[in-house]
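**Student:** Take a look at the letters that make up each chain.
There are 2 protein chains.
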Amino acid sequence: MKFSQLLIPTTKETPNDASLASHIYLIRAGFIQSYGSGLYNFLPLGKIVLDRVRAVVKDELDKAGAMEVSLGFVTPSSFWQQSGRIEKYGKELLRFKDRKNADFVLSPTNEESMVNLVKNSVKSYKNLPLNLYQINLKFRDEIRPRFGLMRGREFLMKDGYSFHANEEDMIREFNLMEKTYSKIFTRLGLDFRVVEADSGAIGGSGSKEFMVLADSGEDTIVVCSECEYGANIEAGIRKPREIEKNNFKFEKVETPNITTIDEVSQFLDVKPSQTIKAVIKKAIYDDSSEVVIFFLRGDDTLEETKACNSVDANELVDISEDEIREAGLSVGYVGCFDLPKDIKFVIDLEIKDEINMVMGANEDNYHIKGADITTIKNASYADLIAVQEGDICPCCNSKLKYTKGIEAGHIFQLGTQYSDALDAKFLDNNGKAQPFVMGTYGIGVSRLLAGIIEQNHDDKGCIWTKESAPFSVNIIISNIKKEEEVLEATKLYNELKAKGIDVLLDDRKDRFGAKIKDFELIGIPTAVVIGKKLADRLVEVVDRKTLEKTEVKIENLLDEVLKRV
Amino acid sequence: MKFSQLLIPTTKETPNDASLASHIYLIRAGFIQSYGSGLYNFLPLGKIVLDRVRAVVKDELDKAGAMEVSLGFVTPSSFWQQSGRIEKYGKELLRFKDRKNADFVLSPTNEESMVNLVKNSVKSYKNLPLNLYQINLKFRDEIRPRFGLMRGREFLMKDGYSFHANEEDMIREFNLMEKTYSKIFTRLGLDFRVVEADSGAIGGSGSKEFMVLADSGEDTIVVCSECEYGANIEAGIRKPREIEKNNFKFEKVETPNITTIDEVSQFLDVKPSQTIKAVIKKAIYDDSSEVVIFFLRGDDTLEETKACNSVDANELVDISEDEIREAGLSVGYVGCFDLPKDIKFVIDLEIKDEINMVMGANEDNYHIKGADITTIKNASYADLIAVQEGDICPCCNSKLKYTKGIEAGHIFQLGTQYSDALDAKFLDNNGKAQPFVMGTYGIGVSRLLAGIIEQNHDDKGCIWTKESAPFSVNIIISNIKKEEEVLEATKLYNELKAKGIDVLLDDRKDRFGAKIKDFELIGIPTAVVIGKKLADRLVEVVDRKTLEKTEVKIENLLDEVLKRV
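Line by line, the protein sequences are chains A and B.
So for the first sequence, numbering that gives the first Met the number 0 puts the first residue at 0; every next one is plus one.
So for the second sequence, numbering that gives the first Met the number 0 puts the first residue at 0; every next one is plus one.
By construction, these hints were calculated from the structure, which means they are not laboratory data.
Among the hints, erroneous ones may be present.
[Stated by the list, open to error] Stretch-level coverage of chain A by chain B, calculated; a stretch enters the list once three of its residues show a Cβ under 8 Å from a Cβ in chain B:
id : region
1  : 55-67
2  : 138-150
[Said to hold, decoys possible] Some chain A residues close to chain B (C-beta under 8 Å, calculated; not the full set):
id : residue
3  : K46
4  : R98
5  : N115
6  : L127
7  : L129
C-beta atoms are modelled at their ideal positions from N, C-alpha and C, and glycine is treated no differently.
All chains, full assembly: derive it from the sequences and hints.
**Tutor:** This is the structure in structure tokens:
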């Protein structure tokens, strides 16, 4: 296509609210335009990239046997009432009424719709398995939309749902989808990692995330320095620590105004790892809330998502000292023994069998030494801790470290929770009605554009990967007034187009400097500059990634370009 | 693709609320599934057809130099307030608030969004003309969604908008779009007509509709039996009628209980065409309403859209006899003379210069003979009449007739109304700020699926046209247990696929009868039945449209199929 005929409004101005490279460059290079908080229009270049990414996603999914459908975006609230998610999803779920006062939502995800579709279409095990997907608009009314396409409110998502006669077959498809997603991310040229994940509001028995690695990522990932192990910190595990044991008799000791783990350790001359920490939160449920205490080792950190899951709450919120006292607790002296009756507490799994610890005595100014956790009755145990850098890998004994990632895909072993809730059944080979066993699989398609640029940019602009680039080649006519330059550029343009290569011909009347700046900003992988040296039958080929310039004889140009694309 | 691996839930059951063939067959053949009033999911076959239609639309638009973008679906209400359409659009415009109580609409069309996009991207005449389009979801909260995809609430629309430095260039693009749309409809195999149209809620100075001709169409179209003239009845015109003149002196005559045109004609021995009819309506505006009288020839019919446009109202509603009397009028005796002061009335253009007519005297039981319309002062005149069958074509003197059509495309010469309202300007070649001159162009993409089937079906099911069919060939294995049938079918399947032809292989374990019924219901243009006669090296090729069966020697089969697709 010709630049002069395209709407590519490049600009030097950085958008006010933008801090991430992808947010800045996608706007500055004329890929997207903001029209409200978390709302974007895709301009011609942005639409081309979106279509290219979408095509890769569709191609791999179709090859894997999945079928594309298109579900309605406007969804009856009744679907969400049946599944029980109408409250649980919170305010991110945009609700509204139509002219007849019926309740609807704008779909943020479509488990309910797809279960209804299959419930109405499939009666027998003979039609299973099925993997249905769509690449459609979604809406999540984020409290703080930010980072451009990374966390917008309206966005394009691939959401897929598989239906099986049994769990074994679902796991087979889950593994196939893991491979398929890996192919998609690989084709798009992304550096990514598949990690263990928390299943969040979607639910299910196991899930993995596809993390595009980038310093700007919102997610912390725990990865092994040696083996393949990786997990979102929300789901990361470590080999349990070996702790030097205390050797105390059980006793209550006075610890006046000694309330923090550091103070206690110093005062009683123990290591923080030999103490027990209490983290007190308020757990919020659909219609109620309660105070919950989480007990973990003194030098560990509570992982809030794990903690929230352990009590099946919608969210955990902080609590004031006054509220702690109102719950009958001693601020700074909370321990697992002699807690007020009926107060909910959860103990970290790693200290389940711990003995001889130091912890609060549930009495102001007193701690207990020599506490054996094993003596606690009727307690709940759960993995509550955030894995730390330097912890030991659960798979290989090497050290774990942190990295940052952008969640661009998420696959779930869902089981029967939605089929049960929506009463979606098939007849098995014995003629017995069984709930569908489901998997669900998502890719943030518009977010991928941001992910690609987060991973591929420099201080001049975007650097698109081969399969995501809006065009493969950017031919720049240095001076549009020079007829020979125009002729040579047009010849190459037509030759490349005839070979099916997507070319952008910069035929604008602008200065050369502006054109090369736009090339660097837009980030097409290869530029061909047709300029002064044409007199010597030479043109320049520029690699966007390295910015390396190569002089090429005009007779070798087509071969050189074909070699690169 | 293999039938056994696809979700194609065909059924014999006719949906309860369905009367149109397209509605019935698209559901029965498993193309779409209803999930609420005017809301549909596209199943795998429906998605394939949607994509094929979409691809034709995109291909022709891109060739014509238009650029695809993707605008947000969720749109700030402020855009619609600026344009003044927020009230005018009525309840079809779905409004809602986000979590921060900001007002939004679900876009039913995107003039405002696109003007904002261009306003923020284009500063100079050098970047004009521009034609930007998208193929995206729309929502119109129809009071009575019906006829399946024909009048759904959520639907897929191609909406395009062009921006020009002057009206002349806009008209050039309007004509180019007329040609482009004609190519699209022709490629899709549709029998259509481009007709003059009313511009409705979109506005502008001129518009044409693309009508898919079908008896089930909701629109009445006036077409010439000889020339190319065609118009939606809302915009149709005729050559003014030649009327035999009366020859009366002006006089008031008693006409007791004589109130209808027929009664008056008989009583006074004149033709209905020599009388004047008063049609009284209530005109509804944004914040008010008023009684309006429309005067037209006695044997003409009021065209309500024309009448509504003539008083610039949002809509016209019927009025009771009591309300007529309250307005100071004599029911059955209303004429243009001596009307109560301040009452609004409009006279049909065709009787503007009429003399010697019969009409009501605005007094119970009296009419006037010999009324000269020319003597009326300060009247408004407008074309108010519905063209009738047998009226004379305005272009060629042949007779006009009615036909029915489905509005599947609409193109508008919009002018500057939106650029003015949204203050969208560019600098012309003298450096002066000028409002963009606009055109706007729409195609109901999902509605086209219904249009294709309304025009192409029989009592067995769908008959897809070549470019819209989900697959070109349907290979039916008559008996899946016969190995030689499976082998031969698979060979043909692979050969056709290798030639890039879309094939559906019906490899299900079902009976032959069920497979042939599904072929007829789904409507793939050509079927190849591999059955018993394979023993004689013969197979059957079936044409879906004619249902004609041809026996073909197996060695000629590939050529025969290639000839047909």
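**Student:** Compare the structure with each hint and give your call.
**Tutor:** Cross-check of the supplied hints:
{"no.": "1", "hint": "55-67", "result": "holds (count 3)"}
{"no.": "2", "hint": "138-150", "result": "holds (count 3)"}
{"no.": "3", "hint": "K46", "result": "5 Å, holds"}
{"no.": "4", "hint": "R98", "result": "5 Å, holds"}
{"no.": "5", "hint": "N115", "result": "6 Å, holds"}
{"no.": "6", "hint": "L127", "result": "10 Å, violated"}
{"no.": "7", "hint": "L129", "result": "6 Å, holds"}
Violated hint: 6 only; the structure is consistent with all others.
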